[in-house]
Amino acid sequence: MSGRYLLRRTGLILYTLLVVSVLVFGITQVLPADAATMLLGENATPEQLAAIRERLGLNDPIWTQYLRWLGGVVTGDFGTSMRTGLPVLPQIAEALSRSLLLAALSIGLMLVLALPLGILAAVRRGRPVDLLVSLASYVGISLPEFVTATLAILVFADWLGWLPPTGYVPLTEDPARSLLHLILPVATISLILVAHVSRMVRSELVDALHTDYVRAARLKGLPERVVLRRHALRNALLPTITIVALDVGYVLGGIIVVEEIFAIPGIGRTLIVAVQNRDLPMIQAGALVMAATYCIANFLADLAYAALDRRIQYG
Amino acid sequence: MTAVLEVADYTLDYATRQGPVRALEDVSLSIARGEVVGLVGESGSGKTSLAWAIMRYLAPNAIERGGTLRLSGTDLRALKPAGLTAIRGKRLGMVFQDPSTSLNPTLTLGRQITEVLEFHRGLSPADAVREAEAMFARVGLRDPAAMMRRYPHEASGGEKQRVVIATAFACRPECILFDEPTTALDVVTARQILDLFRELQAETGVASLYISHDLAVVSGLAQRVAVIHQGRIVEQGATRAVFGAPQAEYTRALLAAVPRPDVRLTETVPQPGPPLVAVQDMTVRYGRPSLFRRRARGVIGASAVTLDVRAGEILGIVGESGSGKSTLARALTGLAAFEGGLAFEGRPIGGVRAMDRAYRRQVQIVFQHPDSSLNPRQRIREILARPSRLYGGEGDVGALLQSVSLPADFADRFPHQLSGGQKQRVAIARAFAPRPKLVICDEVTSSLDVSVQASVIRLLVELQRSSGAAYLFITHDINLVRQIAHRIAVMQRGQLVETITAEDLATRGPQHAYTAQLLAAVPRLDIGETPDDA
Amino acid sequence: MAELLRRLLRSPQGAIGLALVLLVLVLALAGPALAPHDPEALSPLRRYRPPSADYLLGTDQLGRDILSRLLAGARATVLLALLATALGTLAGAVIGTASAFLGGKVDEAVMRTVDAVMAVPSLLLSLLIVSVLGRGAENAVLAIAIAFTPGMARITRSVALAVRQQDYVNAAIARGEGAGYIVLREMLPNVIAPIVVEMSIRVAFAVMLFATLSFLGLGAQPPASEWGLMVSEARRFMHLSPWMILWPAAAIALVAVGFNLLGDGLRDALNPRT
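Protein chains in written order, with the numbering used here: chain B, 1 to 315; chain P, 316 to 849; chain X, 850 to 1123.
There could be a bad hint or two in this list.
[As the list claims (entries may be wrong)] Chain X stretches covered by chain P per the calculated footprint, using a threshold of three residues with CB under 8 Å from any CB of chain P: (1) 1008 to 1019; (2) 1022 to 1033.
[To be verified] Computed far set for chain P versus chain X, every beta-carbon distance over 12 Å: (3) A323; (4) R332; (5) I402; (6) E433; (7) V444; (8) R487; (9) Q507; (10) V678; (11) P702; (12) P722; (13) R808.
I should point out that these hints are in silico values taken from the structure, not numbers from a laboratory.
For glycine and all other residues, C-beta sits at the position ideal for the given N, C-alpha and C.
Whole structure, please, built from the sequences with the hints as guidance.
The structure is reproduced here in structure tokens:
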């Protein structure tokens, strides 16, 4: 891997964020909400509104407004929330930290479950275990998060009373209770991921087990576990890295729903509140941060892939 | 001599939706120590099924109907999985057709041989590395220590096949199955691998089953040969006896289909006068400029090639893969941009844009793979009617099918309902539909079986005679091109190294060193009295 | 076509998927006619009923028949999801094919931009679009279609590029065929199959996305009986009658499973190697 590749890749990330910023800014500008009215309320006089428009630069051409906003973003100034009147950045950063904990736990749980399930199904292809995993994963990918979450609350909180239904406790405040509150949200996000990734692992491994080199390894007389571990799994799990990275986009979508249902004050809930209140700076910052997270996850996955697969030479 | 490998009355079926299909019927075969037995057959003959059966690597739908498989007295069919791992790789080895897929891309070449040494011979990792390096040196790999650390994508096809062979010989097995080990390689490399095989075989005395569709290769290697057809061994015996005086009808047909450079198939002579096509200093570059890289990475496909084709002439172009012979075909048909001069019937064609309908009509192409060159979603009728719709003129699909000896009712079929040879005939009929003056044949027979290949060649020769079209006949098969071409152009690494008439090549021999090297590497069918190598 | 159907029915996924999808389509089209009760009829005396002979799936918080509401809602959920997917596929196919055909720098620029748009999660993108266009089922459809476009563009392009490499396209170029003939007659019939597979799987996703938007209050609006909305409304009463949640949830899952199975079955059936 060359320095040129890293440079190129960083350039692509910046281009992606630029496109996202145009997209988000463009969409939010069309929002049928007048920032001045939002700030002053319905009873403001036309003179007051005109004054504040002038002060906020709302009368400038749209690209001037965009460049001013972008300039702020680049220097770490995401503006102030129209709803709370506080700077956006600290709120977003705090919400993001909560969401990242949720996402990391979900992806971790997913890996712990999806890899063994996928491998088991592939090795026992066509047997009852395979069928069971297949069936379960079909149901898994067909349940939207809001359904899973609602049913989970119904069963584990309402009926069984084992877990708290909703709410959020900071990890620093009471780790045990914090994790207890995170169990249902994490399980909800993981379910669909486990279903998807285990299917992918299975199909990659089935393909790998049918390659000429795995056949060659078997015909060299190597025992099946060596064939599986050394020859098949290695090649099957590499593409999984990319799949998991692409699923990060899905996790971010899931987080929006799950945080809303479980009342977790993360980036997803922040966004929904912002959308409901047409809080433009907050929407813009939240969407940009989500896209950046996705980009970085995919960048890291590419680096990991390149480090593990000698064939790939990024030039 | 006692047999090392013994197959007796072996019968195998495959279960399919339409009921069981016989793959092997009463196959009997034995190989003694030090012996090479050739197993010759076309695709679908069952030769590979036999190899899988011996290796005990049967498809899930395989049903063994009876017979015995023995390796020095061990009943292979009775082996349990644990017993099997003790036999495979240790007493019974296998070398595969394509080294680029049979080596694991994510393991070093060294690891893929040391794992065998560690497992079967119980060597310590350090000893295994030492032993593997010695084996690498033995199979002629330069700098074995460096090769140990390389990955498959960092080695050439020949080097990879040497690694596979080293691995097969690593545990000094009693018997090795060679499944078309040179088919995926270029002529010169294949020759080197064959020489290596001979040496190692003589040195170790391993009983070898050499499976191939190539009678010429087998005739130079095997002491005994078995000819397999539709799951049955139709003839078996000493190589010279079988190939010299074949008893079975099928063997005779197979032998007759092998291209023999001394037998001319073409009787036409090119027309005198100015050339039909004149190519002057043609260069083709591949690669396109990207958003981030301004200049195209100029991979050169063909470099400053100059040649001409006369009306009614068959110009053969031979070369190994990557020599640029297909690039030339792509340039002449407007599939690749070129620099340099091109003139058709004296009319200069400045570039791809200058190739008008008249030129396109006169210059037709037939590709290597009929699977890919016929649109799977169009019926044969639509495929064959298209040229006349495009260029005008009458388009009698029935007559076109007849001209390539196919029944008229094929018009309503889809390509996937035809065999490979039939599909190639359709592609040929499409090319001849607009009555072209030049037909470019790009490896048109190399994906076909020997006997099908022979009939397609006969068809092409006949069409050439009746239509008077010129051919640009691109192939890697030098024996074949010597049978039909008037002149032969030899290409190497994008350059034309020699153009020589077939007659001169036969009488005076090659003028260029590379042509000589190519000719020397080509296996010849050895049925005469003087042994090729013994 | 008959051949494809036969191959499709051969695999269990294909057979079950096709059966489920056909059932759902029939219910979606004939739903209101089949409904045993008026889905809007309130019966204050028969609230929170568990399943019974009269009300096969029970009643909701206003005493409305859940089965009738589900049948009425099938149209909103399934047909609108189909519409959204079709729109997104069409837009994506046009962009993807054009990009593959134009090639070079245009292709690279288009694809980098498509990648960039894909960095915004589908749900977030639809959320943003709905917040601009306003709440409502039609806008949700449009939002889902837009959110699907980049993904479909990417898939169409890769399929088109693969087909572009085939020798029958080379043969057509060598023959001197025009761009129109090559794209429409040679390429398109071979590009459609993989896109149909992808589309079928996407419908499942669209059903889920559409229901999610309605659940969040941004898609279908009350008193519509869209399934996501039904789940959302039922949450407040789930300790009174869990049936109100279970039925629409099961309906969403069933439809999504059906389209997922059908997509996988089609993929196998269209694969010439099997």
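key: Violating hint indices (sorted, rising)   = 4, 10 and 11
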